[in-house]
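> Chains G and W, in that order, give the protein sequences.
Heads up: the first sequence begins at 87 in the working numbering, then just goes up one per residue.
Heads up: the second sequence begins at 7 in the working numbering, then just goes up one per residue.
No lab work stands behind these hints, which were simulated from the structure alone.
All of these numbers come straight from a predicted model, not from anything done at the bench.
Wrong hints could be hidden among the right ones.
Non-contacting residues of chain G with respect to chain W, defined by C-beta distances greater than 10 Å in every case (computed) [as the list claims (entries may be wrong)]:
| id | residue |
| --- | --- |
| 1 | 188 |
| 2 | 254 |
| 3 | 375 |
With the Cβ distance kept under 10 Å, some of the chain G side facing chain W (calculated, not the full set) [as the list claims (entries may be wrong)]:
| id | residue |
| --- | --- |
| 4 | 112 |
| 5 | 250 |
| 6 | 256 |
| 7 | 263 |
| 8 | 266 |
Even for Gly, the Cβ is constructed at its ideal location relative to N, Cα and C.
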Amino acid sequence: VVTTLLSPGPATGRPNHGDHRLLTTLQGWRAFTTRTAAPAPDLLPRQRWADLPSPERDAYDDDRIAYHVRLPMVGTPALQKIVATAGQLVELNQDASSGRRGLIVSGPAGTGKTTAITMFGKTHEARDRRGHPDNRNRIPVIYVTVPPAATPRMLAVEFARFLGLPHTRLNITYVIEAVVGVAVDAGVSLVCVDEIHNLTLATRTGGEVSDTLKYFTERIPATFVLAGIDVARNGLFTGTRGQQIAGRHNLIETAPFDDNSEWKRLAASLEETLRLQHHAPGTLARHSSYLHERTAGMIGSLSHLIRAAAIRAIKDGTEKITKKTMQQIAIDHAAETAHRTRRSASAGR
Amino acid sequence: VTHPDRENPPRPLPIHVPPDPGDSVTTYIRRLARANHLRPAYLRHYLNRIPSDRHTLRFDWLAALADTPVVHLRQALSHPPPDYPDRPTLFAAIRADARANTPTIAALAERHGTQNYLVRLVLKSPNPPT
Chain G
87 VVTTLLSPGP ATGRPNHGDH RLLTTLQGWR AFTTRTAAPA PDLLPRQRWA
137 DLPSPERDAY DDDRIAYHVR LPMVGTPALQ KIVATAGQLV ELNQDASSGR
187 RGLIVSGPAG TGKTTAITMF GKTHEARDRR GHPDNRNRIP VIYVTVPPAA
237 TPRMLAVEFA RFLGLPHTRL NITYVIEAVV GVAVDAGVSL VCVDEIHNLT
287 LATRTGGEVS DTLKYFTERI PATFVLAGID VARNGLFTGT RGQQIAGRHN
337 LIETAPFDDN SEWKRLAASL EETLRLQHHA PGTLARHSSY LHERTAGMIG
387 SLSHLIRAAA IRAIKDGTEK ITKKTMQQIA IDHAAETAHR TRRSASAGR
Chain W
7 VTHPDRENPP RPLPIHVPPD PGDSVTTYIR RLARANHLRP AYLRHYLNRI
57 PSDRHTLRFD WLAALADTPV VHLRQALSHP PPDYPDRPTL FAAIRADARA
107 NTPTIAALAE RHGTQNYLVR LVLKSPNPPT
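Just chain W, with the same shape it has in the complex:
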């Protein structure tokens, strides 16, 4: 099943929720979903870059749903993830970040907008599943 409106950025959600100080992407998506009577998991899934890929987030779509310019939302949220075009780019960025900064798995996951287990996979295997 494909998203019929995949090509167009979504329209703003009816209930506007400004980001709170200290909101991460995850907490902000949760608050935005709940205010609009949607399940947070559904909204997170809706923001996947491609429907089957749970590991990249369309930050521009999140900004569109929040009716906030991308730049402002990036400034407002703590550790906003870079907007990766595909999974190999994401994996390369995680590996480079891990080599340069040696942060924790959780910090890497938060910084790159993905989940802990995927960061572990990326660091463990040279060829993680794509």
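The shape of chain G in the complex, shown without the other chains:
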């Protein structure tokens, strides 16, 4: 399975909004779901590349930089499991009038939760569109995120904002009624709610947000797929509300990769997608332990490191990724901290 990383795409919506780049708006979501992966640019023969005049060389480099920005990514076992389970739930729920089951994807940051649920949403939307090709009012998928310190109204507004419904000076009841009415009329069958770790059942407001979300699950005849960081540990399943959530959702946990043959295969598969003039095949697989050390086994950090290294290699003309190139790339703080801790621990031994 080859998927595409989330990244800014070409402008297809209203240029003055930039909404086409936000997954949490209908225009952005549609741009994402209709975007096809750019074909991998063909590499020029070595001599022809060396003789390329400057303007053509720049254009050739720009094409490859754009390609590496959106580097195709190999599907991980976790992604495949999430897509398969969510697909099964959508099928089971399609005729259910109540008691629909949902899915919760939980795991540390950078383990591919958002990528997995958005990829499933994209697949589901494409399937639905094939069944209703001429219905422009059909909205098979809603994708929202729970805002930090959310209140029930803020959550309802997130749904309204995704759909493009005005909500200024509307009270929560009207916002919810408009959202539910449109969702039912537009045939929404999948609702993805990301960042549910922002929902804290320990507080009164958090509990009310959870109730609002539950109300949406009852009123919108769709499968709800929720994703968040370590939600079980953050108390999403505790108390009466938590038990209700636990009883209605399957849980899939994502985790960092171990430094094993699977990780090595992942690095090798990513390497196959590179389009660099002088890159020696097998380099990344050979350095898979170093990659694991740098990224702490996080797929998001790995993807960032390799894409950034590839772009640097094009820009500086080296046209290959080496361990030295990767050492020059800074990645996210969590992975860097884990890397430093491991290095100091091994130095102390």
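Based on these hints, arrange chain W on the given structure of chain G.
Structure of chain W alone, referenced to chain G:
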């Protein structure tokens, strides 16, 4: 209370409603609102040029909500109102129209995208409330 997103034109409403032949601005706003589960009065208020002014309509916003180019929507709707920047311009246009064509109050209101009582006020007083 101000509209937080006053500066940007709104995004299209989720349910697209093409204008019917014979739709006026009022009937079209009503159908568009109902299809999107909004109250027509709320949507009309949302389209006010400034929040406190019920007498001028942002036609470009209506076109944005309808996901239709302004030119097409103007052609499709019967008597689309001119897009006045402020109330004095609207009042001057109503007075000029009344002098030149002597239409009915209702026709003036429809043509200029406002309400009958405001047209009466504009024609009665040289200094209607602004």
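> Against the structure, test the hints numbered earlier, and report the numbers of the ones violated in rising order.
2
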